[in-house]
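Chemist: Each chain, letter by letter, is given below.
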Amino acid sequence: MTEQTLYLVMGAVSIVVAGLTTAIGAFGAALGESRIGSAAMDALARQPDEEAAITRNLFVTLAMVESTAIFCLVIALILLFANPYTAGLTA
Amino acid sequence: MDTVNVFGDPIVGRLGPLPVTQATLTALAVSALVVLAAAVLRRAVLRRPGSLLATVADFAVQFPEQIVTDIVGRHVPWLSVIAGSLFYFLAACSVAGQLPQVRTPTSNLGITSALAVLVFLAVPVAGIRARGLWGYLRHYVSPSPLMLPLELMSEISRTFALSVRLFGNMLSGYLIVALLVALVGVFIPTPLMALDLLIGLLQAYIFTILSVVYIGAALRVQEKS
Numbered sequence: 032m033t034e035q036t037l038y039l040v041m042g043a044v045s046i047v048v049a050g051l052t053t054a055i056g057a058f059g060a061a062l063g064e065s066r067i068g069s070a071a072m073d074a075l076a077r078q079p080d081e082e083a084a085i086t087r088n089l090f091v092t093l094a095m096v097e098s099t100a101i102f103c104l105v106i107a108l109i110l111l112f113a114n115p116y117t118a119g120l121t122a
Numbered sequence: 000m001d002t003v004n005v006f007g008d009p010i011v012g013r014l015g016p017l018p019v020t021q022a023t024l025t026a027l028a029v030s031a032l033v034v035l036a037a038a039v040l041r042r043a044v045l046r047r048p049g050s051l052l053a054t055v056a057d058f059a060v061q062f063p064e065q066i067v068t069d070i071v072g073r074h075v076p077w078l079s080v081i082a083g084s085l086f087y088f089l090a091a092c093s094v095a096g097q098l099p100q101v102r103t104p105t106s107n108l109g110i111t112s113a114l115a116v117l118v119f120l121a122v123p124v125a126g127i128r129a130r131g132l133w134g135y136l137r138h139y140v141s142p143s144p145l146m147l148p149l150e151l152m153s154e155i156s157r158t159f160a161l162s163v164r165l166f167g168n169m170l171s172g173y174l175i176v177a178l179l180v181a182l183v184g185v186f187i188p189t190p191l192m193a194l195d196l197l198i199g200l201l202q203a204y205i206f207t208i209l210s211v212v213y214i215g216a217a218l219r220v221q222e223k224s
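If you're matching them up, the sequences are chains A and B in order. First residue of the first sequence? That's 32 in the working numbering, and the numbers climb one at a time after it. First residue of the second sequence? That's 0 in the working numbering, and the numbers climb one at a time after it.
If you are wondering where the hints come from, they were derived from the structure by calculation, not from laboratory data. Note that the coordinates shown come from a computational prediction; the quantities given were computed from them, not determined experimentally. Built from N, CA and C at the ideal position, the CB exists for glycine as well. Accuracy of the hints is not assured; some may be wrong.
Claimed, not checked - Computed footprint of chain A on chain B; a stretch qualifies when at least three of its residues, placed anywhere within it, have a C-beta under 8 Å from a C-beta of chain A:
id: 1; region: 165–176
id: 2; region: 194–208
Claimed, not checked - Derived Cβ-Cβ restraints for the label pairs, each shown as a range:
id: 3; chain 1: B; residue 1: Ile-10; chain 2: A; residue 2: Leu-39; range: 28 to 38 Å
id: 4; chain 1: B; residue 1: Val-80; chain 2: A; residue 2: Val-48; range: 43 to 53 Å
id: 5; chain 1: A; residue 1: Gly-59; chain 2: B; residue 2: Leu-32; range: 34 to 44 Å
What the hints assert, rightly or not - Examples of chain A residues toward chain B, derived with CB under 10 Å:
id: 6; residue: Ala-84
id: 7; residue: Met-95
id: 8; residue: Phe-102
id: 9; residue: Leu-111
Next up, chain B with everything else stripped away, as it sits in the complex (with noise of 0.2 Å):
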């Protein structure tokens, strides 16, 4: 039971006054990675266009573009280049967990509750951006006042839904091979991780329909009036 670290992040380095962690540094690792990828992609598709890496480039945009389209029902580039991160940033995170000695970062509350705070602020941000101020305030009040204290609880339990969603899951595949692995031995869990793999690209996926949902029935209020 000392092995496995399940609330508790070990502190490897210091920057500063500000104590960086193991999942601060996996997650900073992918993201690098994520980038580097997205650099070597947009180099095939300028100077290569027609090659294999530039149609693997083609169908990384049209995917989030699609979902987009899908739920908003038009075309928002700026909810598409959001949605894009999060998938890519969740699918790279969920399968840097199957290399060996890495712990996906994911199953860190703190960088869910990160994730989820950011869906929970760009809500307001695209409202205000879509309808002013005044017309995105008023949709708290909108059928009555009585609403207020519903849309503001909603509010704050689907940002800690989407948090502790995606860490619970990520968080139990990460257990279940832990533990198969102390009491069975090597190759036993092989199938358990194939299936953790799966659910971490479903999370991802789930976490980036979630948030373009939230996103965009704030972007949605504008149509309705």
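Here chain A stands alone, though its shape is the one from the complex (with noise of 0.2 Å):
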């Protein structure tokens, strides 16, 4: 296998890779951020006096959660944009 060859599959299954994490950590991600928004309408419903402390409890706990699928998003982008095994298919 010559070396622009195995530059060639690694950049492919970089691709295939960066995609499946993106996906994967966004299902992950989405069934917990639903799980939350559940609960903090089930405690609107319970208590509406309490707006104000539920929803900026709502508001960082999703972007914590969130946080796992955007850690995900950075690693396919290394993946695509700053790979260092494929960096000899652009030089």
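Reconstruct the complex from the two isolated chains, following the hints.
Modeler: In structure tokens form, the structure reads like this:
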């Protein structure tokens, strides 16, 4: 296998894995966020006067759960744009 | 793909041995604007109390104080200053990112890491000031010395998470808008830019809240004993 072929295979694998990383990461975060949202709606229905505190904690928790999906996105972006193994392709 | 610069940061000039990049320049300009706005508000409070600007200044000071009081449980003036500086800088950064030709400085991993390291260093400073060096170090081994590696790992990983969370959110907004501009044209990405602005303000708020939680936890060691 020549060096150029190796780079091409690495590039193709990186693209597929980047897509899978984002897909699986978004899947988990979406499930978690839906549970947070439903729990917050429940709490709001029970105690409407605690709206300010519930909404603030809702947003903070949502963003913290979302950060796992964001980590997956950053890994996918590293695979696509800053991949050390396919640096030879563009050079 | 050549025009979208994901991880790199173009160097625009040199200051002696120090390269000055685009993100540095934008961040400095945003800081200068925030300081200028603060000076204008201060002048309004001193000269014309009761005017609209003075009310805005009042709200701007009360907002971080309220965050700190809610989380720590008491009034901590210097922590309010840190929280306010972080929030207004990050919010101004994400607003500045909506201007044409300006890229959000927080979509640069270096700048978000610098802010997270600032919080990482503020935690032991706050802990040592509140409880003394020995008292602060003892909380690492407080239930049992087995907790020491876990505590150290959590300090490092939460700093890393703080920086990468902000970076990823801001960069994803920038990339979505850039992709849509490249694909369909000029006016279609407007709703997504509004969403990007909302996410930027939310992430500024979350960065502030988490920083206050981390520093406040080091302060609260004092009250437990």
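Chemist: All hints, please: hold or fail.
Modeler: Status of the hints after comparison with the structure:
Closer than 8 Å: that is the beta-carbon criterion, and the region 165–176 of chain B has 6 residues meeting it against chain A, so the requirement of 3 holds. With 5 residues having a Cβ less than 8 Å from any Cβ of chain A, the region 194–208 of chain B passes the three-residue criterion, so the hint holds. A hinted range of 28 to 38 Å for the beta carbons of Ile-10/B and Leu-39/A is consistent with their spacing of about 32 Å. Judged by the Cβ atoms, the range 43 to 53 Å given for Val-80/B and Val-48/A holds: they are separated by roughly 45 Å.
Range check, Gly-59/A to Leu-32/B: Cβ separation about 39 Å, and the 34 to 44 Å hint holds. For Ala-84/A, the interface hint holds, the least distance from its beta-carbon to any beta-carbon of chain B being 9 Å, beneath 10 Å. Hint status for Met-95/A relative to chain B: holds, with the closest Cβ pair at about 7 Å, below 10 Å. Given hint, Phe-102/A at the interface with chain B, holds; its Cβ is 6 Å from that chain's nearest Cβ, closer than 10 Å.
For Leu-111/A, the suggested interface contact is upheld, since its CB lies about 8 Å from the closest CB of chain B, less than 10 Å.
Every hint, counting from the list given before, is met by this structure.
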